[in-house]
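Please model the entire structure based on the sequences and the hints provided.
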Amino acid sequence: MRPPTATARWLLPIIACGIATAGCRLVGSGMLATDAATANRAATPAGSKPAPRTIHLEVLFIRCADDDPKFRDQLWNHVDEQALGDSLRRSLNANGMRVGIVTGDLPPEVADRLAAASADEAVGEIAGVDPALARRLLQVLPGRRSELVTATRLTNLVLLEQADGEVRGGTYAEATPQFAIEARPAADGRITLEAVPEIKHGPVEKSWVGEDGMFRLETGQRRHRMEHLGVDVTLPPGGMLLIGCAGQPSTTVGDGLLRDHGGGGDRGTMRLLVIRPLARSVDPVFASATAGGDPSVE
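Letter by letter, the sequence shown follows residues 1 to 298 in the numbering used here.
Bear in mind the hints are in silico, worked out from the structure with no lab data behind them. Hints are not guaranteed to be accurate.
Calculated pairs, EDC-like style, for lysine to aspartate or glutamate (alpha carbon to alpha carbon, straight line, at most 16 Å) [unchecked claim]:
#1 K200 x E227
#2 K206 x E182
#3 K206 x E218
#4 K70 x D112
#5 K200 x E147
#6 K200 x D164
#7 K200 x E218
Label pairs and their computed distance ranges (CB to CB) [what the hints assert, rightly or not]:
#8 P108 x L217: 45 to 55 Å
#9 W208 x D67: 42 to 52 Å
#10 P69 x G210: 23 to 33 Å
#11 R223 x P69: 48 to 58 Å
#12 Q82 x A187: 18 to 28 Å
#13 R216 x P69: 43 to 53 Å
#14 D86 x G210: 12 to 22 Å
#15 A163 x R222: 15 to 25 Å
#16 D66 x G213: 13 to 23 Å
All of these numbers come straight from a predicted model, not from anything done at the bench. The beta-carbon is built from N, C-alpha and C at its ideal position, and this holds for glycine as well.
This is the structure we're talking about:
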């Protein structure tokens, strides 16, 4: 009979080999599981959001005479102004603005002007002085602010604004009329478009602006934002937003934004603003469900 010490020495190598073999298998399985989980998290990060897709907007400035019946009256027979609501529509009209949407074909007046415009006339950064039609292409991110300048900078702009039953007057130095534009796509291809009139004015200043939970230093002019005149409409594919002047030439908000200043001559001119999405867009939240994605969005 072998002594206990000798037996222990004989069993020790066998136990060590068994532990080593089992240990290698356990460690290997754990590593494989960890690697697989890591790969899955890398492929689909938890809580990640789809990257925002650029929305393409076509902007047209169509210049016409103040007394042109096609653009003062006939055009608006094809425009749905009821989509804005009675209260907002009255407020816009009191401030010299007329706004509506078109959900079908282009109104004949707009289609004829587009067909007659040459390639040179159809290209421009903002509505200048001479071209009968100016065209811009905007690329905006969903839910992010963009600025659409409607006229060149004015040394002084006198403006009468009606709000809350009162008339407010002001003179803005070094003024730039513009719209703050924001577009938000929906799952069904429609786009909600927001346009708020603004006047940038005064000297260039530095200020802290809060955005996305943090502050950043912004350099620019002061902004007078007319929130009560902002429009928020939902456009179906192929729809467009039209903004024009209402009433006779004056010093209203509509005149400041879309009436030509200092042009001279017996007949004044105004501009019709047309904004339309170039193609169907989809909310990024639902973009992954769209087969192959939409080539019209980036």
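_Violations among the numbered hints, reported as their numbers in ascending order_ = Hints 2, 6, 10, 11, 14, 16 contradicted; others consistent.
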